[in-house]
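Colleague: Kindly generate the complete structure, drawing on both the sequences and the hints.
Spelled out, the chains give:
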Amino acid sequence: MVKLKGFLEKSYLFIILAILYAPIILLIIYSFSNSSNFNFDQGFNFEAYIAIFKSDKSPDLWRAVGNTILIASVSSVIATVMGTIASIGIFHLGKRMRRLVENVNQFPIINSEIVMAVSLMVFFVTFAFPEGYLRLIIAHIAFCTPYVVLNVLPKLESMDPNIYEAALDLGANPFKALTKVMIPIITPGIVSGFVMAFIMSMDDFIITQINKGAATGINTLSTYIYSDARVQGLEPFWYAIFSIIFVAVLALVLSINLVKISKQKKKDREGAK
Amino acid sequence: MKAKSVRKPFRLTKKAFGVPYMLFLLLFVVIPLVLILVNAFLDNDNNLTLANFKIFFTSSSSLTVLGNSLLVGVITTLICIIIGYPVAYILSKMSSGKILVLLYVIPMGVNFLIRTLATKAIFIAMDIELGMGTVIFGMVYNYLPFMIMPLHTTLSSIDKSYMEAAQDLGADKATVFFKTTLPLSVSGIISGVTMVFIPTISTYAISQLLSNGKIFLFGDSIQLSFEQGMYGVGSIMSIVMLVFVLISNFIMNKFNRQGNAVRRSLW
Numbered sequence: 033m034v035k036l037k038g039f040l041e042k043s044y045l046f047i048i049l050a051i052l053y054a055p056i057i058l059l060i061i062y063s064f065s066n067s068s069n070f071n072f073d074q075g076f077n078f079e080a081y082i083a084i085f086k087s088d089k090s091p092d093l094w095r096a097v098g099n100t101i102l103i104a105s106v107s108s109v110i111a112t113v114m115g116t117i118a119s120i121g122i123f124h125l126g127k128r129m130r131r132l133v134e135n136v137n138q139f140p141i142i143n144s145e146i147v148m149a150v151s152l153m154v155f156f157v158t159f160a161f162p163e164g165y166l167r168l169i170i171a172h173i174a175f176c177t178p179y180v181v182l183n184v185l186p187k188l189e190s191m192d193p194n195i196y197e198a199a200l201d202l203g204a205n206p207f208k209a210l211t212k213v214m215i216p217i218i219t220p221g222i223v224s225g226f227v228m229a230f231i232m233s234m235d236d237f238i239i240t241q242i243n244k245g246a247a248t249g250i251n252t253l254s255t256y257i258y259s260d261a262r263v264q265g266l267e268p269f270w271y272a273i274f275s276i277i278f279v280a281v282l283a284l285v286l287s288i289n290l291v292k293i294s295k296q297k298k299k300d301r302e303g304a305k
Numbered sequence: 028m029k030a031k032s033v034r035k036p037f038r039l040t041k042k043a044f045g046v047p048y049m050l051f052l053l054l055f056v057v058i059p060l061v062l063i064l065v066n067a068f069l070d071n072d073n074n075l076t077l078a079n080f081k082i083f084f085t086s087s088s089s090l091t092v093l094g095n096s097l098l099v100g101v102i103t104t105l106i107c108i109i110i111g112y113p114v115a116y117i118l119s120k121m122s123s124g125k126i127l128v129l130l131y132v133i134p135m136g137v138n139f140l141i142r143t144l145a146t147k148a149i150f151i152a153m154d155i156e157l158g159m160g161t162v163i164f165g166m167v168y169n170y171l172p173f174m175i176m177p178l179h180t181t182l183s184s185i186d187k188s189y190m191e192a193a194q195d196l197g198a199d200k201a202t203v204f205f206k207t208t209l210p211l212s213v214s215g216i217i218s219g220v221t222m223v224f225i226p227t228i229s230t231y232a233i234s235q236l237l238s239n240g241k242i243f244l245f246g247d248s249i250q251l252s253f254e255q256g257m258y259g260v261g262s263i264m265s266i267v268m269l270v271f272v273l274i275s276n277f278i279m280n281k282f283n284r285q286g287n288a289v290r291r292s293l294w
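Just so you know, the protein sequences line up as chains X and S, in that order. All residue numbers in the first sequence are consecutive under the working numbering, ending with 305. All residue numbers in the second sequence are consecutive under the working numbering, ending with 294.
To be clear, the hints were calculated from the coordinates, so they are not data collected in a lab. One thing to keep in mind: the hints can contain errors.
[What the hints assert, rightly or not] Footprint (simulated), chain S over chain X, 3 or more residues, beta carbon under 8 Å:
id: 1; stretch: 59-73
id: 2; stretch: 95-108
id: 3; stretch: 165-177
id: 4; stretch: 212-221
id: 5; stretch: 236-243
id: 6; stretch: 257-267
Even for Gly, the Cβ is constructed at its ideal location relative to N, Cα and C.
Modeller: So this is what it looks like as structure tokens:
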């Protein structure tokens, strides 16, 4: 009886997992078929992967990849610098002011993306911001920085304030105490904030789509996928690209989380001692 | 005395570190939202008017969209609970549950557009007609992890001795579940519900893609009205959406304080 229950439970877990992964796995399998309607008429081949580099859409595709990386790099670097400096400021604010700033900081995170996207669009149109990269980078900074602040602030909170005071007492000037003592301590938060900002920016579709401006022709990977696949469906080369992205993301998420878990376990073990 | 006078001005300047970002937030987060509020009361020639509200609340198309969104949102959320609760529950009893739950979360790392297009391609290949059914499938597929995550966190943090106590006191298995486990996991259910419901009704592109443009949800029609230059109506829709977001956030904060960080991320 107990065995049967265990078996049923495991099968249930497995079925749900299978459904979750089915589209991903099917897509990877058929990325080697060079077909867009799931058949192996042409046999097993790498045509779809070759087409990433050698089709008439390749230049646009690679421009979109370049834009994605450019926008993600610029906005996540700015977001990290601004967010880190801001966190130090917010940490030293009075109680009421701090709560206010933290609440506003929370807004881009809880707000639905579409509302954030159109509000920025209206803002840019109203104040006649030039269309193109400027709008996109500002928008990306706006939704990335809150995550940096959320990563850095807790590190400041858990920092022993005496360490900073000690640095001052030992003759460091405030600037030195900041760069040599405080910043190194909060670096883990800064790094995870940066990584999160970068990934958020790369992953964004809605805010970019609404703010890119139709006339500029700027596309990131996600907006290019949308504009290309919305009408005529997925061409074979998209199967190849999606497969690459799937595998890369799975590997990345898995490794990040495994590192996290092993760190946690190590901590637990040390705590147990 | 001297040390104090050195430190004090720096304390003040450290506070000043927050100023650039506060200005940034004011400029690019607060003012844009205020502009949306203002636009709701303006007609196309920038005159004050309440006509937009009248258009929104009387036109059948916008009410259909609102109704459709709520319908899809409620059904998606219910299905996610029905599928997700057992998953989270079974995982919470397993010793390796913490690692296994990752498997359910990982697909979320792939851009939703790619996952949606992949499912669409499969539906087309299987000759399934695109419509309400496929939209709901796509939503469940997309947001199920948002339900499983908070439920798993809550369920696995429940102290096992409560269940044991209930059992010792003579409750059978069903009673233990309904009188102990379920009530103790309410905060997880609430987080899950808000994390599924709000994105479902506000998402842009998923329902369009999976219904071939037949079914428009709130997110799509917000985008559409701005694209067509109907800033007033679009602003009102955004405000309605904002109200939903604020209510759900308020409820979530009331029940627990852990939900927000996972809202749009899995890290």
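Colleague: Each hint needs a verdict: does it hold in this structure or not?
Modeller: Now for the hints, and whether the structure bears them out:
1. With 4 residues bearing a CB less than 8 Å from a CB of chain S, the stretch 59-73 of chain X meets the requirement of three and the coverage assertion stands.
2. Figure legend: the stretch 95-108 of chain X, annotated as covered by chain S; annotation inconsistent (0 residues with Cβ-Cβ distances under 8 Å, at least 3 required).
3. Requiring three or more residues with a Cβ within less than 8 Å of a Cβ of chain S, the coverage given for the stretch 165-177 of chain X holds, as 5 such residues are present.
4. Using a Cβ-Cβ cut-off of 8 Å, 0 residues of the stretch 212-221 of chain X lie near chain S, which falls short of the minimum of three, so the contact claim is violated.
5. Only residues whose C-beta sits within less than 8 Å of a C-beta in chain S count toward coverage, and the stretch 236-243 of chain X has 4 of them, enough to reach three; the restraint holds.
6. Residues of the stretch 257-267 of chain X lying with their CB closer than 8 Å to a CB of chain S number 6, which satisfies the three-residue condition for coverage.
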